[in-house]
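Visitor: Just need the whole structure built from these sequences, with the hints factored in.
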Amino acid sequence: MPVLSQIQIRLADGGQPLSDVAVSAHQWGRVAMSDEHGNAKLPIEWKGEFHLHFEKVGYTAVVRDVFFPLTDSIIILMTSTNIEMRQLVIEDAWSQRMQSNRSVMTIQPLLSDMRLNASQNFATTLQYIPGIMAIQTGVGIAKPVIRGMSGARVALIDNGIKQEGQQWGNDHGWELDQYELDRIEIIKGPASLQYGSDAAGGAIVIQPHLWPIKKNEFECRSFYASNNQREGSSLSYKTKRKIGQMNWAMGIRGTLARSEDYRLPTEQYTYLNRTLPLKDGILNNTATHERHVTAWMAMIKGQHTFRLIYRKYHLQSGLFPGIMGVPTLGAVVGDGNASNIGLPSAEVIHDKWMAHYHRQQHNGFWQWESGVQYNQRAELARPHQDGFAPPDADSLSLQLQLLTFQTNIKKQWRWERGVFMLGSQGQYQNNRRGGVEFLIPSFSQWQTGLFAWLELASASRTGVWSGGVRWDQSGFQTPGFAQFTYQNGVQSSEQWVRRSLVNRRFQSISGAWGWSQTDRPNRIFKWNVARSFRMPQAAELTINGVHHGSFRHEEGSPELRPEMGWQADLTVGHQEGNQSWHCAPFFHYYSSYIYLSPQAEFSYLPDGGQLYRYLQAPVLMTGGEFFLEKHIWDPLHTDISVEGVFTYNQKTQLGLPFIPPVQIKSNMVYEREWKERTCKVFVHARKAFAQNRTERNEKTTPGYFVANAGASMQCEMSEIAMEWILSVNNVFNQTYFNNLSNYRWIQLPEQGRWIQVQCCIKIQ
Amino acid sequence: MKRVTKISAALLLVAASMNSCRPDQDVSAPMVEAIIVNGIDEVEHEVSAGDVIDVTINVSDNENLKQVKLNIHSADDGHGHGGGTGEVYEPNVGVWSYSKIIDVSGTAANVNTSLTIPVDIKGHWHIEIMVIDAAGNEAEEAFTTLHVENLGLPTGVFVWNPTISSTDQLVHVPSTNPQVTFAGDITDADGLTSLYWAIYSEAGVLVDAQMIDGSGLINMSTGNIQVTLPGSGLYDWTFRATDQNGYYNEWVQEVIVE
Chain A
647 MPVLSQIQIR LADGGQPLSD VAVSAHQWGR VAMSDEHGNA KLPIEWKGEF
697 HLHFEKVGYT AVVRDVFFPL TDSIIILMTS TNIEMRQLVI EDAWSQRMQS
747 NRSVMTIQPL LSDMRLNASQ NFATTLQYIP GIMAIQTGVG IAKPVIRGMS
797 GARVALIDNG IKQEGQQWGN DHGWELDQYE LDRIEIIKGP ASLQYGSDAA
847 GGAIVIQPHL WPIKKNEFEC RSFYASNNQR EGSSLSYKTK RKIGQMNWAM
897 GIRGTLARSE DYRLPTEQYT YLNRTLPLKD GILNNTATHE RHVTAWMAMI
947 KGQHTFRLIY RKYHLQSGLF PGIMGVPTLG AVVGDGNASN IGLPSAEVIH
997 DKWMAHYHRQ QHNGFWQWES GVQYNQRAEL ARPHQDGFAP PDADSLSLQL
1047 QLLTFQTNIK KQWRWERGVF MLGSQGQYQN NRRGGVEFLI PSFSQWQTGL
1097 FAWLELASAS RTGVWSGGVR WDQSGFQTPG FAQFTYQNGV QSSEQWVRRS
1147 LVNRRFQSIS GAWGWSQTDR PNRIFKWNVA RSFRMPQAAE LTINGVHHGS
1197 FRHEEGSPEL RPEMGWQADL TVGHQEGNQS WHCAPFFHYY SSYIYLSPQA
1247 EFSYLPDGGQ LYRYLQAPVL MTGGEFFLEK HIWDPLHTDI SVEGVFTYNQ
1297 KTQLGLPFIP PVQIKSNMVY EREWKERTCK VFVHARKAFA QNRTERNEKT
1347 TPGYFVANAG ASMQCEMSEI AMEWILSVNN VFNQTYFNNL SNYRWIQLPE
1397 QGRWIQVQCC IKIQ
Chain B
13 MKRVTKISAA LLLVAASMNS CRPDQDVSAP MVEAIIVNGI DEVEHEVSAG
63 DVIDVTINVS DNENLKQVKL NIHSADDGHG HGGGTGEVYE PNVGVWSYSK
113 IIDVSGTAAN VNTSLTIPVD IKGHWHIEIM VIDAAGNEAE EAFTTLHVEN
163 LGLPTGVFVW NPTISSTDQL VHVPSTNPQV TFAGDITDAD GLTSLYWAIY
213 SEAGVLVDAQ MIDGSGLINM STGNIQVTLP GSGLYDWTFR ATDQNGYYNE
263 WVQEVIVE
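Protein chains in written order, with my numbering: chain A, 647 to 1410; chain B, 13 to 270.
FYI, nobody ran anything at the bench for these hints, they're computed from the structure. A few of these clues could be false.
What the hints assert, rightly or not - Below 30 Å or equal to it, Euclidean Cα-Cα: the simulated DSSO-like pairs (lysine-lysine) are:
id, chain 1, residue 1, chain 2, residue 2
1, A, Lys-1297, B, Lys-78
2, A, Lys-861, A, Lys-888
3, A, Lys-1345, B, Lys-81
4, A, Lys-1057, A, Lys-947
5, A, Lys-1276, A, Lys-1333
6, A, Lys-1408, A, Lys-1326
7, A, Lys-886, A, Lys-687
8, B, Lys-78, A, Lys-1345
9, A, Lys-702, A, Lys-886
10, A, Lys-947, A, Lys-861
11, B, Lys-81, A, Lys-1297
12, A, Lys-860, A, Lys-888
13, A, Lys-702, A, Lys-947
14, A, Lys-925, A, Lys-1345
15, A, Lys-1345, B, Lys-112
Said to hold, decoys possible - Now the stretches of chain B that chain A is said to cover, found in silico as 3 or more residues with beta-carbon under 8 Å:
id, segment
16, 80-93
17, 96-107
18, 138-146
Idealized CB from N, CA, C, for every residue including glycine.
Guide: Written out as structure tokens, the structure is:
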């Protein structure tokens, strides 16, 4: 490989060469390591401006814009530090600019932290991060809550493509293999300007796979959790080659996991006002089987990069029969087999193909992304809605098949003081329904968006102004849905219209503007004001049926308007020596917030209780986080955060449902080298205060304290690296309710004490 | 910077303190004051199949009532309402489910309705009452139990060998000789149409079954019926007798081979 030795990396104090510094260029996702002379080996064919990141554990990371080919030699000086300075060093995946320039708070959690706090799914794993919680349905299904926003207000962006499944359901988790992630970015605040509707409350951005450091890299990760005997393995292989002028890399990962019935510290549950016993606290028929595959390849030639990614997510899960139809004792009694999946059950298959092309130019770049997704969800059950199932009905109660196409194009221009970017986003969706039950009809919808973005250093060079404007238009069409009813097996003469034709067009202009101070590297000072928007989702417009995941009859409102809001965010912080802190208050006001409102009428469906309808109201949301981290002693990392969200619905004068309570989170990690092994002992504790500010008929939830603890050990032997992690969750075996759990509605508490073991072997 | 920090802290404090704000809108749930069946307010009522019963529901709210939902459903499975589980009864005979939504208004209302109990049922049912007020607040549900007797259904007496255990109500069969014998005497004043019995394993696999023609007889005896069970485990035995009106009675018994 041609080598540019003009980049030398040295210690600021003394000038000694620094080896094993990871040098990466965001545009390519490639990493090179500096040698013993402090020289970084980079491909000579690079042309144009690149952001280079220089990172090494125990040193302050450095980010530098470098023009290739180099005309002068460059010396990078790095200083040692004890504190992790994540917020200062990362780069924004969307604009490919330094994150410190961005006025919205963005964090990039370390994979090592995520592994220590790993839970049974991606969303609950993130709960150790300030401002992040998860709405859960049991252990296998969850989606993140960012500052009280969730569902259709938090987007999952996978390599530039928005994840599109049946995300309207609280009980429908993200179709994502958490072991597949190399790097993620969490935007805590409005992101609809960048990523469109559905990112008004924030976004979780999956960044491209890291380029393999070695020619061949194998990884085997195995895991076990005691609560539901969850066990599985995830295997991956990465390789890189150079053929002529072409550098290419590819990777493949497969994950298999299974779990048995879920166990809870309770003896009964309540659904549709009926309380039934649970033998040994076992939720019968809640076993899961998971099979996921990801394959990717990337090619780089000169200034051109092309990536192709395929993901397949396959989840089969039993559904607790006690929440399907009118509950009876016979339905909740187990069949004696904890690992089988009987009826009712759900199967989710999500196939996703993504392509990405990037052309680096001297003064910016061109970028094109495109994705196709096919989400299939099927719920199988014995017919239980009296009157809707024909006598010869099979077990397919609900089927939803969503096909999504998306394309993004961006052009960026850079100059000395800033960046200007123009872009467009287009999406088309087609959804088909099936089965004897009805929730949402078949529909098609499209969205287009055009945006302009400006990032401009202030004349005094004390900070960066950033912001932009976006225009969106979308359309939604459904022919509606009607079905026959049955009485004593006899079909009705006329069909019953569950949802009539809906044809809507939406248009919106949104924007954002903010400031980030950059002249003092140790200081964080950002503010951002945004005018955000969100198009009503298909379910909000058209749903009409008993949604078993939320335990109620939900009814859409075809006349809903786009959800518009003003969002103001502030982040102040300081990092110096062995401590850092930041405080991030926010204030959001929505003039037309869409929410599910309990109505003064009962459902006419036999297994429905009170009717809930999607309505709009002016809503205020405010709150924030305070975070402090400190190395009390070199090997001991400690952090503590306080976070809270206050919501106020001006129409009802009540709070919104599923809002996290005020919480205090704390992490302590003690790290020590011992006989060429890296050992860690960690504790994560969370104190949640009572949530008494609830939506009408939503139960208040008492406060609770839960602590997790564990240890990990990493060792390297020649080309083999191993990591073991043992964690005990809910150490004190507390029985508590989580107001963000769907199971809270049926009086089910959270898991008792459970143990998790993870093992990872890497061969390079 | 200090000023900014103070402002941020103040905002967080304001957010936290606003947690205690209370609305001036109606958030009080309505109440079910009483469920009166045939003039009696009790937790359980003895009634007969075919009876017409008079149900009066007294409900109240601090501002304005909106709807009352009356729901009748089987109570034999031991479910409860209002927080606790209930009593497990003998399995019901026949199906009876009924639902009615009634509009109400004002701060208090008496809802009166007549219900005809089906002639072919026997067992325990709940009358469950739910109430919503005009603001959408939902009451804690209330219920009463109907114990439905039915003298018009076939009656039966069974003798088991081995006998039914008085401690766990199971028939215990030794695995060394997994055979069980039963004999039934069935009576129905209208005449019997058929007798049917079956034994299933716990996994739902049919072990043995038999259909016997009733021929309109008022009394029938099955004689001793011997069944060989395939191995250790729990088995479910059911016996159904159907009369000439099409009404049936059903008996169940658990048998364990150990």
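Visitor: State for each hint whether it applies.
Guide: Hints and how they fare:
no. : hint                     : result
1   : Lys-1297/A to Lys-78/B   : 19 Å, holds
2   : Lys-861/A to Lys-888/A   : 10 Å, holds
3   : Lys-1345/A to Lys-81/B   : 21 Å, holds
4   : Lys-1057/A to Lys-947/A  : 19 Å, holds
5   : Lys-1276/A to Lys-1333/A : 20 Å, holds
6   : Lys-1408/A to Lys-1326/A : 19 Å, holds
7   : Lys-886/A to Lys-687/A   : 16 Å, holds
8   : Lys-78/B to Lys-1345/A   : 21 Å, holds
9   : Lys-702/A to Lys-886/A   : 23 Å, holds
10  : Lys-947/A to Lys-861/A   : 18 Å, holds
11  : Lys-81/B to Lys-1297/A   : 26 Å, holds
12  : Lys-860/A to Lys-888/A   : 13 Å, holds
13  : Lys-702/A to Lys-947/A   : 28 Å, holds
14  : Lys-925/A to Lys-1345/A  : 25 Å, holds
15  : Lys-1345/A to Lys-112/B  : 26 Å, holds
16  : 80-93                    : holds (count 8)
17  : 96-107                   : holds (count 4)
18  : 138-146                  : holds (count 5)
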